[in-house]
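Asker: Chains as they are written, first to last, in numbering that gives the first Met the number 0: chain A, 0 to 189; chain B, 0 to 392.
For the record, the hints were derived by calculation from the structure and aren't laboratory data.
Please note: incorrect hints may appear among the correct ones.
[Unchecked claim] DSBU-like cross-link-like pairs, simulated, lysine-lysine; straight-line CA separation at most 30 angstroms:
#1 B:230 to B:303
#2 B:377 to B:313
#3 A:2 to B:285
#4 A:58 to B:257
#5 B:3 to A:173
#6 A:58 to B:288
#7 B:367 to A:58
#8 A:160 to B:3
#9 A:153 to A:58
#10 B:257 to B:313
#11 A:58 to B:244
#12 A:58 to B:285
#13 B:3 to A:170
#14 A:2 to B:3
#15 A:166 to B:3
#16 A:153 to B:3
#17 B:184 to A:162
#18 A:2 to B:303
#19 B:184 to A:161
#20 A:58 to B:248
#21 B:288 to B:343
#22 B:244 to A:114
#23 B:367 to B:303
[Unchecked claim] Calculated from the model, a selection of chain B residues having no Cβ within reach of chain A, i.e. all distances over 10 angstroms:
#24 137
#25 185
#26 198
#27 201
#28 286
#29 322
Every residue, glycine too, gets a C-beta built ideally from N, C-alpha and C.
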Amino acid sequence: MAKMIEVRFHGRGGQGAKTAAQLLAETALGGGMYIQAFPEYGPERSGAPMRAYTRISDKPINLHSGVTSPGIVVVIDPTIMDTVDVAEGLGDEGILIVNTEEKPEAIRQKTKFNKGKVFTVNATQISLDTLGRPMPNTPMLGALIKATGIIKVKDLEEKLKKKFLKKIGEKGVKGNIDAIERAHKEAKSG
Amino acid sequence: MKDKLALTGNEAVAHAMRQINPDVVAAYPITPQTEIVMAFSQFVADGVVDTETIPVESEHSAMSACVGASASGARTMTATCSQGLALMWEIVYIASSLRLPIVMPVVNRALSAPINIHCDHSDSMGARDSGWIQMYCESGQEAYESTLLAVRIAEDENILLPVMVCLDGFITSHAVERIELLEDKVVKGWIGEKKTRYSLLDVDNAVTYGPLDLQDYYFEHKRQEAEAMRKAYSVIPGIVNKFQKIIGKKYDYLEKYKMDGANLAVLALGSTCGTAKTTVDRLRAKGIKAGMVKLRFFRPFPAKELVDALSKAKAVAILDRSDTFSNRGGPAFNEIRSAFYEKKDKPFVVNYIYGLGGRDINVEDIEKVYTDLGKILKQKKVGTLVNYLGVRE
Chain A
0 MAKMIEVRFH GRGGQGAKTA AQLLAETALG GGMYIQAFPE YGPERSGAPM RAYTRISDKP
60 INLHSGVTSP GIVVVIDPTI MDTVDVAEGL GDEGILIVNT EEKPEAIRQK TKFNKGKVFT
120 VNATQISLDT LGRPMPNTPM LGALIKATGI IKVKDLEEKL KKKFLKKIGE KGVKGNIDAI
180 ERAHKEAKSG
Chain B
0 MKDKLALTGN EAVAHAMRQI NPDVVAAYPI TPQTEIVMAF SQFVADGVVD TETIPVESEH
60 SAMSACVGAS ASGARTMTAT CSQGLALMWE IVYIASSLRL PIVMPVVNRA LSAPINIHCD
120 HSDSMGARDS GWIQMYCESG QEAYESTLLA VRIAEDENIL LPVMVCLDGF ITSHAVERIE
180 LLEDKVVKGW IGEKKTRYSL LDVDNAVTYG PLDLQDYYFE HKRQEAEAMR KAYSVIPGIV
240 NKFQKIIGKK YDYLEKYKMD GANLAVLALG STCGTAKTTV DRLRAKGIKA GMVKLRFFRP
300 FPAKELVDAL SKAKAVAILD RSDTFSNRGG PAFNEIRSAF YEKKDKPFVV NYIYGLGGRD
360 INVEDIEKVY TDLGKILKQK KVGTLVNYLG VRE
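Required output: the full structure, derived from the provided sequences and hints.
Answerer: Structure follows, in structure tokens:
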């Protein structure tokens with residue numbers, strides 16, 4: 000069987016988890032991979048906890064079920080950890096990436112995830128600095144690249160530009176690119 | 000060179016419609032309409048197609064407008080799902096009885112009550128006896144290609160029947176996948192110019208569509224409608240062969256996956272087929288002789304192909320994503336089991352109803368079905384004929 004990467008994003012409706020899942024998939028597609036990206040609850044409701052998924056493989060992807068044992072989990076909204084077991088299904092090699100001002104050790108305690116790797120980055124603060132508003136989804140992709148290397152920063156930035164230049168303008172694109180690069184630099188593992 | 004894009008199933012179908020450039024698209028513009036019509040409307044607004052769109056006040060009117068447009072000779076499309084198809088009902092039958100080659104993508108979603116917006120096949124399966132051809136798609140790529148194939152099938156002068164292209168709600172319609180589009184000019188060449196034999200607008204050769212037709216001729220017309228579906232069954236393989244030359248894939252009535260030497264087989268429709276293929280791969284790696292069959296066309300019903308494909312297996316499970324509430328299992332199960340009636344050495348055939356209202360079905364669920372089939376084979380008898388998979392009881 001082809002090795003397939005499965006990513007689960009946790010966020011709240013309106014925080015861009017679906018967009019992050021899609022952007023990751025589209026960047027991988029640009030590198031010649033087969034991809035899937037889908038939100039769990041279809042049209043998301045603003046503020047409600049939601050999940051979005053990305054699958055990436057070098058072979059066509061047949062699987063059409065939800066992702067239950069992801070290799071990578073990205074938590075865009077840290078408050079979700081109070082009510083949702085974000086580490087559910089993560090295996091021994093699993094990677095948990097959390098948007099938080101706390102250190103990886105604190106996240107390990109909170110989530111009781113003692114395997115694999117934990118990465119933390121204050122993506123909300125980064126987006127406030129670079130975009131002037133809390134949009135942690137793109138910096139979280141910067142942290143994901145640091146943690147996994149499944150795509151390249153340069154490819155992500157190019158895809159972002161191509162996809163969103165019309166919608167958010169040059170300034171918006173630059174803010175996002177700065178956020179991705181800063182998160183890539185600042186993400187800490189433990 | 001094919002274009003590789005990241006598209007949702009809805010967007011992929013909208014691109015097929017853009018390339019088809021139909022004369023008329025009549026559709027109800029709000030919920031439960033799909034994003035297919037939203038994306039297509041953007042193409043209309045951008046001027047990349049010259050389709051006349053008719054936004055109507057209900058699905059009943061959408062199909063009525065499609066009937067009028069198609070009878071006048073226009074290449075006509077619409078899209079719907081769930082309650083929308085239910086509201087269209089009356090006119091759905093009229094479209095097929097008048098032999099109008101309308102192509103309608105149907106995003107499969109549950110019917111009320113209770114209210115649910117997620118995937119099952121209750122909507123289109125309810126319309127299985129309406130005289131429409133029905134195709135079920137495993138992925139966004141298949142939904143795109145099936146839509147292109149559907150135009151040629153519908154408009155073939157030996158068929159002239161409307162076609163539903165069914166894709167799974169959310170699972171396929173809202174998932175972004177890698178989609179490879181054909182070049183616009185290739186599609187244009189494939190679908191060709193629409194030919195109309197009896198146009199309502201041809202005043203020099205005036206015709207009447209759908210007049211009163213009582214005991215004297217109604218039965219003969221219905222008999223002809225039945226004959227049209229039989230004709231479709233014999234004509235479709237030829238169209239599929241021509242399509243294969245363009246896309247390099249064969250859209251047979253069935254797709255058989257690792258059925259060579261398979262003792263245990265699962266049959267499904269739609270996106271579940273992909274998950275079942277992954278299950279088969281896992282079981283084969285463990286040395287279990289598992290295979291699966293995808294039913295692509297439910298109408299015309301390919302009875303012979305199904306019996307040929309499944310009769311070498313010893314135990315077969317039919318997965319239905321809808322119930323008939325008849326007390327005897329789902330629609331695919333009933334028809335497939337019936338198709339085996341004349342066969343002497345037939346496999347055990349059991350039914351699993353699953354995934355209603357979008358309940359997820361994963362590899363472990365389907366593995367359980369194969370485990371059950373193994374038990375049936377061992378005990379040489381079927382325990383429960385109709386099973387519910389993944390439900391709390």
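Asker: Are any of the numbered hints broken by this structure? If so, which, sorted upward?
Answerer: 18, 22 and 24
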